[in-house]
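Start from the sequences, fold in the hints, and give me the full structure.
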Amino acid sequence: MTDSTMDQTNAPAIRRESPHAGAAAAARLKARRRSERRFKAYGLGAVLLAITMLVVLLSTLAGQGLGAFTQTQVAVEVNLDPALLDPEGNRDLRVIGDANYTGLMTNIVRDNFGATQRRDILKSLGVFSRDARFELRDFVLENPELIGTTQTIWLTASGDIDMLDKGWIDRDLPEDQRRVDDRVLGWYDALDAKDAVDRAFNVRFFTGADSRSPELAGIWGATVGSALTLFICFILSFPIGVTTAIYLEEFAPKNRWTDLIEVNINNLAAVPSIVFGLLGLAVFIGFFGMPRSAPVVGGFTLALMTLPTIIIATRAALKAVPPSIRQAAQGLGASPVQVVFHHVLPLAMPGVLTGTILGMAQALGETAPLLMIGMVAFIADTPGGFSSPATVLPVQIFLWADSPERAFVEKTAAAILVLLSFLILMNAIAIVLRRRFERRW
Amino acid sequence: MNSSSIPSGAVPKMTARKLNLFYGEKQALFDVDLDIFANSVTALIGPSGCGKSTFLRCLNRMNDTIAGVRIDGKVKLETTDIYDRSVDVVQLRARVGMVFQKPNPFPKTIYENVAYGPRIHGLADSRAELDDIVERSLKRAGLFEEVKNRLQEGGTGLSGGQQQRLCIARAIAVDPEVILMDEPCSALDPIATARIEELIDELRENYTIAIVTHSMQQAARVSQRTAFFHLGQLVEYGDTEQVFTNPRETRTQDYITGRFG
Amino acid sequence: MNSSSIPSGAVPKMTARKLNLFYGEKQALFDVDLDIFANSVTALIGPSGCGKSTFLRCLNRMNDTIAGVRIDGKVKLETTDIYDRSVDVVQLRARVGMVFQKPNPFPKTIYENVAYGPRIHGLADSRAELDDIVERSLKRAGLFEEVKNRLQEGGTGLSGGQQQRLCIARAIAVDPEVILMDEPCSALDPIATARIEELIDELRENYTIAIVTHSMQQAARVSQRTAFFHLGQLVEYGDTEQVFTNPRETRTQDYITGRFG
Amino acid sequence: RDQIRIVGSSTVYPFATAVAEEFGKTSGFPTPVIESTGSGGGLKLFCAGVGTQFPDITNSSRRIKKSEVEECAKNGATEVTEVKIGFDGIVLANNINGPTMDISRAEIWQALAKQVPVDGKLVDNPYKNWNEIDPSLPNEAIEVLGPPPTSGTRDAFVELVMEHGCEEFDAVKAIEDKKMRGAVCKSMREDGAFIEAGENDNLIVQKLVSTPTAFGIFGYSFLEENGDKVKAATVEGVAPEYDAISSGEYPVSRSMYFYVKNAHVGTVPGIKEYVTEFTSEDAFSPVGYLAQRGLIALPDAARAEVAKTAQSLTPMKM
Amino acid sequence: MTVSSFVLIVLILSAIAFFLGRRRSMSLAGGKMSTLHSRPGYYGWYVALWCGLPAILMALAWIVLRTPLINGAVSDVIPPDVVAAGSGPVNLFMADAYNLATGNIVSREPTPAVQEAASIILGLTRTVNLAFAGIGMALALAGLTFAYRRITPDFRSRNRVERILRILLIIASTLSIFTTIGIVLSVLFESIRFFQRIPIFDFLFGLHWSPQIAIRADQVAAEGSFGIIPLFAGTLLITFIALLVAIPIGLLAAIYMSEYAGRRTRAVAKPLLEILAGIPTVVYGFFAALTVAPLVRGFGESLGIDAASESALAAGLVMGIMIIPFVSSLTDDVINAVPQTMRDGSLGLGATTSETIKLVILPAALPGIAAACLLAFSRAIGETMIVVMAAGLAANLTANPFEAVTTVTVQIVTLLVGDQEFDSAKTLAAFALGLVLFVMTLALNVVALHIVRKYRQAYD
Ligand SMILES: Nc1ncnc2c1ncn2[C@@H]1O[C@H](COP(=O)(O)OP(=O)(O)OP(=O)(O)O)[C@@H](O)[C@H]1O
Ligand SMILES: Nc1ncnc2c1ncn2[C@@H]1O[C@H](COP(=O)(O)OP(=O)(O)OP(=O)(O)O)[C@@H](O)[C@H]1O
Ligand SMILES: [Mg+2]
Ligand SMILES: [Mg+2]
Ligand SMILES: O=P([O-])([O-])[O-]
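Protein chains in written order, with my numbering: chain A, 1 to 441; chain B, 1001 to 1261; chain C, 2001 to 2261; chain D, 3001 to 3318; chain E, 4001 to 4460.
FYI, nobody ran anything at the bench for these hints, they're computed from the structure. Treat the hints with care, as some may be off.
Said to hold, decoys possible - Once the Cα atoms are required to be at most 27 angstroms apart in a straight line, the calculated DSS-like pairs of lysine-lysine come out as:
| no. | chain 1 | residue 1 | chain 2 | residue 2 |
| --- | --- | --- | --- | --- |
| 1 | D | 3025 | D | 3128 |
| 2 | A | 123 | D | 3128 |
| 3 | D | 3308 | D | 3025 |
| 4 | B | 1026 | E | 4358 |
| 5 | E | 4454 | C | 2148 |
| 6 | B | 1026 | C | 2148 |
| 7 | D | 3114 | D | 3128 |
| 8 | A | 194 | A | 123 |
Encoded structure:
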């Protein structure tokens, strides 16, 4: 293409100019190399950008949510008054259990904070969690021999104190703009001064179920609910999705009918998830009489929603398997079913698993359809089975995010972190499997 | 085609009658009538693109798998019309095995490649028996020595010729009655070619073989009957001797005498 | 190898020195020293699996694309070490073209398959020029007549031999300085083979050619120099005449005289 | 089924759940399951029939409608007890650093209505800044984040503020056609000055933090909880404070209710006890735990009355 | 016996049947498996399927028929005055009878008729259950014996099993059809009711969406306030922005991961990106509303554009991030499945990696990529929370991404979960919106299918 003759010096035999050697070629090559670098940089940029987004989101969440893994506690002196706890003095655990611990709490705030007026008592009780009385009860039931003595006991602090201790409440604000007024602040400071305020790992958060009190609220109930729901969702959507895809891609005659099914499935993916909720309500609860708020129904409904994702991904993966591999197997007398299950499906497995990962991730994060079938609910007990009332992690997050109490902000973020850990755990198997199935040919 | 050239007494294992094949609009085979005789080797020769592979693939219905293919006419395996609706293509392909023109090993280990057929057809009752079949097949295809230490490595990591022999081993491991080979030696060196030709000769005693080849010498060496295709038509078919020494058609003559492969 | 056999006056276009190649643990080439001379055809022969393709792929760094390949030694194109970090493999591969052992047409039309190279290298300034390059390349590969009416159909719908010629056309359309051909005629009938051999002969005037072949006759017919590989080693390398008539090594002798392909 | 099932309003949800939790912890009955479905959705489920597959109680941030009572009766739920639990104040608030505002309902209507009278004629709302309505109002662009038309809060806001506010204008009163007048009173402007935000009040608070010039409409409990971030405008001179709302002095507040299906009492264990807990002084009085959650208690006399009818499960009449 | 314990027993029986069938075929073969037509496992499956399937079908019939059967029997004892009063009271009567029978809540003092009905129900339930269980068990055993006795060495059990399997596959794939029918049915009737009130023409071509006026029955439902054009415009705008983010980033990320990055990088990056799909949308909503929207507003103002604090751009951008993995992961898989020979062919001609990708690999992987993009598109259409929180609920008819818009899905959700009466035009509108959205996406999918078909390039 050009007339440069510079590298001809030691190659006299070459009579013809190569189009790849001249200056123009070099310029073109330079441009191509530049575009190559640019393209690669775009690719890297895309990956980094997406990961940056993830990191930003995660670090914001971590910044907000890690605090929820600890909980403020307050140490108070308790006079385990026998008159209140065990009036008859025979250490009958039933009597002790039924004693007036609210009264004991009142004694505590009187002794520790000097609160005597009814309003003051109420205010100062607000330093503690509403469950403090049960903590007292449990303490006494465990150590009945201590009745009559004065003990220092660590009690869970209320959400407000927790927020104050973690620095989420600005103490420099004027009193009327603060959640915690000067009196409570004074009590807190006094306690703090004698090292009676401490933060401990928040076991309740990981073992408890929902509560209206942020300091008591836990994520375990919703986690179990999610696990049960997704289990049902998976055992339905995975086999049905994969077999549907296999049928359509490998066996079905290619005609209008299968075109219709194909378009249909693609279209189902675009149906707003709440509509699946309507369907679930009508079919599973209305027609089949399954219970409301139950993981079975949630699982069934989410399975319908997840199916299109799995089917579409599986079909794409099946399509990508080269025909030569199918022919090789057919030529050996493998039946179509054997061709698919022995050769094509294993090669398509990465795509199948990707579809499953995406579909399950979507199912794990979904709230809207669950509203229709009663899973957006306050459920204070950890679900015991597939048909006991349950809620799921995203619903819990949704509900907490909508709560007025400030302390729920960090619980919400922490719950999201738990959900993401759940997601990673759930996907881990699929991801490992996918790597093992990946091969080039 | 001249049907009088069928040796008396010989039984046709497979017969094609008035076979027409279309890839969409394009016709690739025109009224092909051809008998493949049992216990003999039939060579299909002809210029590139004349329809040899297409014809071969008709014999075990591998063309079914290509979209847009339409077939007219009859093909029989012994007495059954293989395009009949009642025929089980799976069984047909187990009886009529195929080695493809482009080697296509499975992305599995070498061992699994060969063991696959016997496994699905239940030809081995034990692992030892299966090992035995694999080893024997690889040996017959002349590949065993080269790969005996790497049976558990991938079949796609073999050289071109090795892949080709692997595919031959894979096909014979199934023990089919008819073996269709589409240029089985194209990627092989003379020694490996000799090994495969020996194999073909050996197989002929019990099996029926059809082979596509571009080498006239090979056709002459291994086949008893030769079919010459041109532009989708079967131009001449007869005893190999006769076709090579005394072709009836000038087109055959021209093709063969232009030889130097 | 005997480097004294290099013809005086001829300039090596490509040189390999102490080339070792490993597929993971497995060594496939052992200390190969070989010069490929400009304006001549070098034939690489040897039994299947001996490393011919591997060596050929080293010459334009196509082995880079295989995971787990490790290369030791030097390969030079004229004076530049092609494994040097500063070398642009893209330019290298444009200058050193390749036809693969297994035909691998793109899933595009026949036209697009051939036009692909010229397009990316900007060899045509206009559509007409591109048409011209495509037509000329197809003609030189002896495929044009067969496909001239279906240039806009898919390249994967061709017969095996047609695909092989398509890949040859695709490679020469780029106008490389060195052309590496891995068994370019394996799927071709004698006539098409003759056409390709003619092409090789014709190309030799301006280009440098290395060809892998299993046909001794072909090697003898088209090449000026022949290299015999065995088990990853270059056993003998010299003028084709000499190698075929008077081989230095007994292994070469044995391989060549076992010939009948 | 051994636990109570409750559905209904998202506004009542925080209070009902607090009661449910206390009830579950102290009574020995299982903790009720409470769904947040919205008042309308809750009533729909509640009135669908009698039997374990239907809820026992529904919460509502408005009174049950006649049509809903009829639907209930049609499906067998003839006896329903109504329990009024307190008030919910609706506040108009902005960033704590933003301007302080005292505004009347008429002015709010002028700021937010789709059409307002100017010189006696109804025209598309021309006001861009608050102080164009009244010079005493801040010189800031009107930007109000409010609930969507599908929510109960919006319903209440329209009824308590908009409908009330518009009546002060002669041009509106002059409209003969009741429907037309209703439309004029209730239509919110759509030119971007009024922004329909979602039902998440926390989000509105957050948005006020990031946009100091904007105002937001939300429930009292969120104001109380976020006193360090937002402050409320006084409406007709009254600040939305506990006592003012409780006494009815603060004009923008609504009542909250729950409804009990009497047919279920005695079969589903604990309904009566739950109602008793809810209407105990410990819970819904001004010093009860619900007040701490932001509930504005009924006046003492009303509470006693409610507790009595509720605990005796006297069916409502309508 | 309950249905579930019945199913369990049948499953156990089938497992036994499997072993029986397999054993019989093996003993018939006498140690020489090649004399069998099919592998022994197929004989096992054959017997197991014959044993299990009829019984399972029976269980299905049981579930479906049980109630109608019992209801039919009870209908005789419903007092005529109840029947005369219409379907409501009849339902109530039946509900009471059932509740009484199961010891449940009853809406009133049970009348003798209800008591009688309850006793019928009690008795019948037992008989019906027994009958079904008995017949089912008999079927299972009969199937087992039948299949077992059919086994001969040349019995084509593989073909039989595969045929059954194929039928099962077909059934699985028709499930999507049933889901579709279910969805259409669940929105159709309410939609029809809606269209009886609001003319369909106004709905489809109205330029104004403002259901606020029609808040209650006693209020005016001003016509023209149910025009869906702004909703669809908003949907398209936001979806377009989201895809504008997700498709380039997703595609490029997939390309980078499969063609440039090392195996290790890829193994980390891909699952990381997939986390993006699992973050609950509330989180994205907060992120969009509190972080991105102010940025967008600031950016708009710096451009001199009057940007709203809620904008299509903020919602679209964040939604785009959410759906990146739908594009990236699926595309990565299909690109990875393109045979290496394709790459070699291109690289061997001196193409750069990027040229190879753009000219050879992407076209070859097109069907998969299209599927991935369609999935992303679908996901964007269906998303609610981000839009509610960041783009608002105001139905503006605008193409300006700095303005607030709303989407069809958002309106469906807010209308459905809002505080509505049962059959207000607003609630019904949600169903009509669902229906129209369904039809529209269907049309889009048909178009997409044809485009993909046209450009598909099959490799081999
Ligand atoms: N990707 C690979 N991974 C591992 N081993 C390989 C790979 N490719 C080739 N080999 C091995 O390297 C050796 C040389 O292979 P090569 O393809 O170079 O042989 P060849 O001389 O071209 O043979 P043929 O004539 O059969 O094509 C063979 O033993 C082969 O099995
Ligand atoms: N899938 C296909 N679609 C369309 N045309 C095809 C297809 N396969 C083959 N053909 C055409 O049919 C004709 C016969 O092809 P076939 O593969 O049978 O040739 P062949 O005789 O095997 O040639 P070769 O020796 O080159 O392999 C050729 O013209 C070819 O281009
Ligand atoms: Mg062929
Ligand atoms: Mg090779
Ligand atoms: O949920 P609400 O009905 O109270 O808005």
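Now the hints, each set against the structure:
{"no.": "1", "hint": "D:3025 <-> D:3128", "result": "violated (53 angstroms)"}
{"no.": "2", "hint": "A:123 <-> D:3128", "result": "violated (45 angstroms)"}
{"no.": "3", "hint": "D:3308 <-> D:3025", "result": "holds (24 angstroms)"}
{"no.": "4", "hint": "B:1026 <-> E:4358", "result": "violated (31 angstroms)"}
{"no.": "5", "hint": "E:4454 <-> C:2148", "result": "holds (23 angstroms)"}
{"no.": "6", "hint": "B:1026 <-> C:2148", "result": "holds (14 angstroms)"}
{"no.": "7", "hint": "D:3114 <-> D:3128", "result": "holds (13 angstroms)"}
{"no.": "8", "hint": "A:194 <-> A:123", "result": "holds (21 angstroms)"}
In this structure, the earlier hints numbered 1, 2, 4 are contradicted, and the remaining ones agree with it.
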